[in-house]
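Take the sequence shown: its position 19, counted from the start at 1, is 19 in UniProt numbering, and no numbers get skipped.
Read the hints as simulated data drawn from the structure, not as lab findings. Given the structure is predicted, the values throughout are model-derived calculations rather than measurements. Yeah, the Cβ is synthetic: ideal placement off N, Cα and C, and Gly gets one too. Treat each hint with caution, since some may be false.
As the list claims (entries may be wrong) - Across the chosen pairs, the derived CB separations fall in these ranges:
hint, residue 1, residue 2, range
1, 38, 1, 28 to 34 Å
2, 38, 3, 21 to 27 Å
3, 35, 12, 30 to 36 Å
4, 6, 39, 26 to 32 Å
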Amino acid sequence: MEVLLVGLILFLLFGGKKLPELTRGIVNFMKEFRAGLKEGSPEDNK
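Between the sequences and the hints, there should be enough to build the whole structure, so can you do that?
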């Protein structure tokens with residue numbers, strides 16, 4: 001339910017044309033962030 005509400009708010013704020021661009025950017029950020037966490041993990045350095 002919360003995801004739907006957040007999606008609706010984003011749609012109202014950014015409009016239908018910008019929303020796919022925004023979601024792609026968020027997904028790419030999350031992928032890079034997770035990859036960075038794996039690379040910088042202290043367990044790997046031991």
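- Message: Tell me the hint numbers this structure goes against, listed in increasing order.
- Response: none
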